[in-house]
Structure formats: C-alpha cells, structure tokens
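Chemist: What follows is each chain in one-letter form.
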Amino acid sequence: MYPKDLRYSKEHEWARTEGNRVRVGITKFAADRLSDVVYVELPQVGAEVSFMQPFGVVESVKAVSDLYAPVSGRVAEINRALVEKPELINTDPYGEAWMIVVEPRDLAELDRLMDAAAYAAMVGEATS
Amino acid sequence: MKYIPATAAERARMLEAIGVPDVEALFRDVPGEVRLRRPLDLPPAMADQDLLAHMRRLAERNVDCDRLACFLGAGAYDHFVPSTVPHLALRPEFLTAYTPYQAELMQGELQAIYEYQSMMCELLAMDIANASMYDGASATGEAASMAADLTRRSDVLVSTAVHPEYRQVLRTYTSHLPITIREIPASGGVTPAEAARTMITDATAALIVQSPNFFGCLEDGAALARAAHDRGALLVVAISEPVSLGLVTPPGEYGADIVTGEGQALGNALNFGGPYLGIIATRQEFVRRIPGRLVGRTVDTEGRPGYVLTLQTREQHIRRARATSNICTNESLNALIAAVYLATLGKQGIREVAELCARKAHYARERIAGLRGYRIAFEAPTFNEFVVRCPIPPAEINRRLLEHGILGGLALGRFYPDLADAWLLCVTERRTREEIDRLVDHLEALQ
Numbered sequence: 001m002y003p004k005d006l007r008y009s010k011e012h013e014w015a016r017t018e019g020n021r022v023r024v025g026i027t028k029f030a031a032d033r034l035s036d037v038v039y040v041e042l043p044q045v046g047a048e049v050s051f052m053q054p055f056g057v058v059e060s061v062k063a064v065s066d067l068y069a070p071v072s073g074r075v076a077e078i079n080r081a082l083v084e085k086p087e088l089i090n091t092d093p094y095g096e097a098w099m100i101v102v103e104p105r106d107l108a109e110l111d112r113l114m115d116a117a118a119y120a121a122m123v124g125e126a127t128s
Numbered sequence: 001m002k003y004i005p006a007t008a009a010e011r012a013r014m015l016e017a018i019g020v021p022d023v024e025a026l027f028r029d030v031p032g033e034v035r036l037r038r039p040l041d042l043p044p045a046m047a048d049q050d051l052l053a054h055m056r057r058l059a060e061r062n063v064d065c066d067r068l069a070c071f072l073g074a075g076a077y078d079h080f081v082p083s084t085v086p087h088l089a090l091r092p093e094f095l096t097a098y099t100p101y102q103a104e105l106m107q108g109e110l111q112a113i114y115e116y117q118s119m120m121c122e123l124l125a126m127d128i129a130n131a132s133m134y135d136g137a138s139a140t141g142e143a144a145s146m147a148a149d150l151t152r153r154s155d156v157l158v159s160t161a162v163h164p165e166y167r168q169v170l171r172t173y174t175s176h177l178p179i180t181i182r183e184i185p186a187s188g189g190v191t192p193a194e195a196a197r198t199m200i201t202d203a204t205a206a207l208i209v210q211s212p213n214f215f216g217c218l219e220d221g222a223a224l225a226r227a228a229h230d231r232g233a234l235l236v237v238a239i240s241e242p243v244s245l246g247l248v249t250p251p252g253e254y255g256a257d258i259v260t261g262e263g264q265a266l267g268n269a270l271n272f273g274g275p276y277l278g279i280i281a282t283r284q285e286f287v288r289r290i291p292g293r294l295v296g297r298t299v300d301t302e303g304r305p306g307y308v309l310t311l312q313t314r315e316q317h318i319r320r321a322r323a324t325s326n327i328c329t330n331e332s333l334n335a336l337i338a339a340v341y342l343a344t345l346g347k348q349g350i351r352e353v354a355e356l357c358a359r360k361a362h363y364a365r366e367r368i369a370g371l372r373g374y375r376i377a378f379e380a381p382t383f384n385e386f387v388v389r390c391p392i393p394p395a396e397i398n399r400r401l402l403e404h405g406i407l408g409g410l411a412l413g414r415f416y417p418d419l420a421d422a423w424l425l426c427v428t429e430r431r432t433r434e435e436i437d438r439l440v441d442h443l444e445a446l447q
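The listed protein sequences derive, respectively, from chains A and B. When you line the first sequence up against my numbering, it's residues 1 to 128, in that order. When you line the second sequence up against my numbering, it's residues 1 to 447, in that order.
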C-alpha cells in the first residue's frame, strides 16, 4: 500500500528521490478516497512550486482537491498521459500515475515529510 | 402575495417573544434622515371598479413599441417575436420549472436547455455554452474572472466601445477580486488594434471588446485576437445584438476565447429592461472554468439518450472556495424563448432577419447622412445601429419625435461627454420604409 522508498505528506502526496530530481504523485489511500478520478490539472513545465503549496487540482466524480507540492522547486516534467487517462491514478498511483517531476531547491525539505510507517499510522487513525 | 393579518394582541405576543418593546424599535437601524416621519398621504379608498379604471388610465400613460416606431437599441432590441415563441415557451410545464436538478423528473426542461446550449455554440462558433446567466453585463463580468483564473493574470483591458453599462457591471464584479480594469479608448468608433497591442502586457489576462460594438460598428476581431494572443492574453467578445450573427462572422471564427452576450434580441420581449438572457460560451479546453450550469447528453442504463447537469465539480457546491464563480442561477425561461425563436427561424430565417435589419439600417443611415447638418459619425461598417452627429441636441430631437409617435435613438452624451451631439440609432426588421421616411421627414422639419 505504501512503498518504503517514498516520503509522504499529510496531504497524501508521495515523493520519490531520483538523483537530483523528485517525482511526485498521490497515495493509494488518497486515490481510493477520491473514487474514480476524472480530471487532473497540472502546472506547466518550468513553473515554480513551493513546499506544501497547491500545484494542481485532482477531480473525481465526487470531489475536487488541491495537490500540494512535497518539495519546492521548478517543474521539469509533467505527466501528460493523465490528461487522457486520469483513471491511471486509481489503478497505478505509484507508477504510471506520477504527476510531476520537480528539480528541488532544497532536498532537505523531504525530511519534513513522513516515512511509510508514519504515513500508514496517520491514515490508519484517519480511517478508524 | 397573501395578506397575513395579525391582531394587536398577536403583535404584542410576537414582540414579547423576540424581546422588543414596540414595532418602531425594529426599524431603529434605518437612518433617521431617510425615514418617513408622517403617515402616508394616500387618497381615500376606491370601489373595486373605480380602482380598476384608475389603474387602467395610469397604465395607458405607458407607451410601448407596438404603438411607437422604435429607433432605440443600445443593448435592447425591438425585434418581431413569432407567435410560436409564446405558444411553446409559455407552456405551464416550462413556465413553472425551477433549476432542473432532478434528471429523473425534468427530461423535457433539460433537453430544452441542451438544445439552447447547442444553438448558442452554432451561432457563436464556440464549443461550449452554458445554460444561461443573468444578462450580457454580468456574463461579461464572469468572463473577466474566468480569464484571470485561466491565465493566472490580473490585468483586464476593456474597450470604451463596449456597452458602458457592461463596463460598470464589470467594475462592480471585479471590485473585490485581485483584478484591475484598464480601458482602451475607441477611435473612429472602433477599438484600434495597434493601441491594444501597445497596452497589452505579459500581465494581461484578457482583452474585452464588443462586436458590433456600442456604436454599432464591427470590430476587426482577427487583428484584436492576434494582439491578445501574441502576449498570451485571451480575447473576450461581448455580443449585445446576437441577431447580427445571422450575417457577420461569428466570434469563434476570428479567435475569441470566451464569448459573452445578451440574448434578449433572440425572441425575448423588451421586458422593461429585464429579465434578460446572459450568454457565455468558450472553447473546449476551457470547459472546466466556465461558470454556471451545464447540461450534457448521456445514455441511461438501457442505452437510451438522456440529459443531466454535468461537470458540476466546477461549481461552488463542490469546489467551494476554489470555484471561480458563485453563480448557479440561470435564466432558463429566457433561454427557452431564445431556443424556440432560433428553431422557428432556422438557419435561413436568422440570416433573412439579419439582412433585413442591415438593409433597413443602411437605408436610414444614407437618408439621414443626406440631411443638412447631420453627418454619420464613424466610417467603420455597421450592422443595425449607427451614430449620427446632430445640429440640435439629441435629447431635444427625441422629445420632439415622441410627440409624433417616434421613439428616437440614444443621446450618447450621457455616457460619452465628448459625443454630446451624437445620437445612436437602431433600425430592426420591424421598421417599415414608411416609418424610416417619416423619421427622416421629421428630422428635416426640425431644422
């Protein structure tokens, strides 16, 4: 459910360090809670995102939620496949449904996020 | 409204329940200087039949466009309404319908709105039109906030050739939003694309123009679209006279990103200035930012076609504070009237009505241009309205024409101090050659 190599935000984004860059998506817990995702709005490549500030919007058949950046920096890539196939977020949230890749200004920000165990504990409490 | 009687004893009980000493205390918040400090000075009561006769006499002091030859437009248009329109649109099933939330109960209403939306898209050459808004002015205000949200920019440029009241509403709409409004002065009756190009910056969200504009002139939409798009701004086109689209290029074809409009001209009566019909339409890629209700066509579990409110995640009841608009009211009855009107006319009919308007207006324009002391203010091409500069104050002309059963044009000095001698005339298909000639004869005699 929550891969050990990722860092997790309290707003349910995950962050994966890949060399100098950070790949970002939302967790299985968030995807399940949203139910069927129908639309994703992502920033443009080159846009600046800030730690725990909104960078996009995810829309499901029953809710609209902001996406929060787990790290500050410049957007290097966005996942254009999600525009055509937003349902990937429900089927493969940690793989094909990545959302953006950030060139971070300060990787130490990731230390302020949770590891898999802490995140599982948080959502465990939330679901009970 | 039912009269609800309350006895003195009942009033006393109510006042006691809310802890107020007397009725007067309920009005304490109303400033003293605006309060009437004496009893209403009313005449004695009348018998039922005397009262009806009195009210009828008062009502007959109103004149309407069935009894006057109307040459006034400026955002409200005296077009002929075919009898099919009231016959179909005023059916009680439609007349009493409120916002159609319940797809399982309201298929007829939803289908009518869907057809209205589809007709607006065809008329404007846009991809998406909503179920309607209040009026052309508020739709233009919504377009400004939509453009600011789409571009994440805050500067909105509007031409002074846009209806002055639309511009007032635009300012009201944006007064508490992080949006600034700047005006581009019209020149020669049109919005100069070069001036637009100079004023548009990288912070500009939208350029708002109207075509035909408030002076009746057609704008160079393609040049204005290029000026906006070259700097990443959107072009918003307001249409106050949609009948023009039977003849002139629709805004979608010259690059408009958002089209707003006043739909009154489409089969709606003048209605004393309201209720009117706000139109807003946009391109497919902006559908998630269009305000208001949208009706979509779908299929039910057995594959039969059906209609539902759709893409509601745009709206405030789901998107909450992040929604770009709080609007959910629409003018469904006025939209239905527009749909029945357009369906009655058909593609050929709307073209013929538009051609009649243009031909009659140009006949009037040429005849007035030939009068001593009168001249056409602007050379730009016009549809069914044009501006004349007059040798006598336009308000004075209107006063004297009214004595002869003619409703004259708009005296532009009210909105444009530098156009104090200018008179905005409108000629729709309802005006006969005899009425136009009569207008010209009176103008000649006034000199």
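Take these hints with a grain of salt, some might be off.
[Unchecked claim] If you anchor each label on the Cβ, the simulated ranges turn out as follows:
no., chain 1, residue 1, chain 2, residue 2, range
1, B, 30, A, 32, 53 to 61 angstroms
2, B, 103, A, 80, 29 to 37 angstroms
3, A, 85, B, 363, 54 to 62 angstroms
4, A, 85, B, 107, 27 to 35 angstroms
5, B, 432, A, 41, 52 to 60 angstroms
[Unchecked claim] Quick partial rundown of chain B residues pointing at chain A, CB under 8 angstroms, derived from the structure:
no., residue
6, 182
7, 316
8, 319
9, 322
Everything labelled a hint here was simulated from the structure, so no lab data went into it. Ideal placement from N, C-alpha and C gives every residue a C-beta, glycine not left out.
Chemist: So, for every hint listed, does it hold in this structure?
Modeler: To see whether the hints hold, each was checked on the structure:
| no. | hint | verdict |
| --- | --- | --- |
| 1 | B:30 x A:32: 53 to 61 angstroms | holds (56 angstroms) |
| 2 | B:103 x A:80: 29 to 37 angstroms | holds (33 angstroms) |
| 3 | A:85 x B:363: 54 to 62 angstroms | holds (59 angstroms) |
| 4 | A:85 x B:107: 27 to 35 angstroms | holds (32 angstroms) |
| 5 | B:432 x A:41: 52 to 60 angstroms | holds (55 angstroms) |
| 6 | 182 | violated (26 angstroms) |
| 7 | 316 | violated (11 angstroms) |
| 8 | 319 | holds (5 angstroms) |
| 9 | 322 | holds (7 angstroms) |
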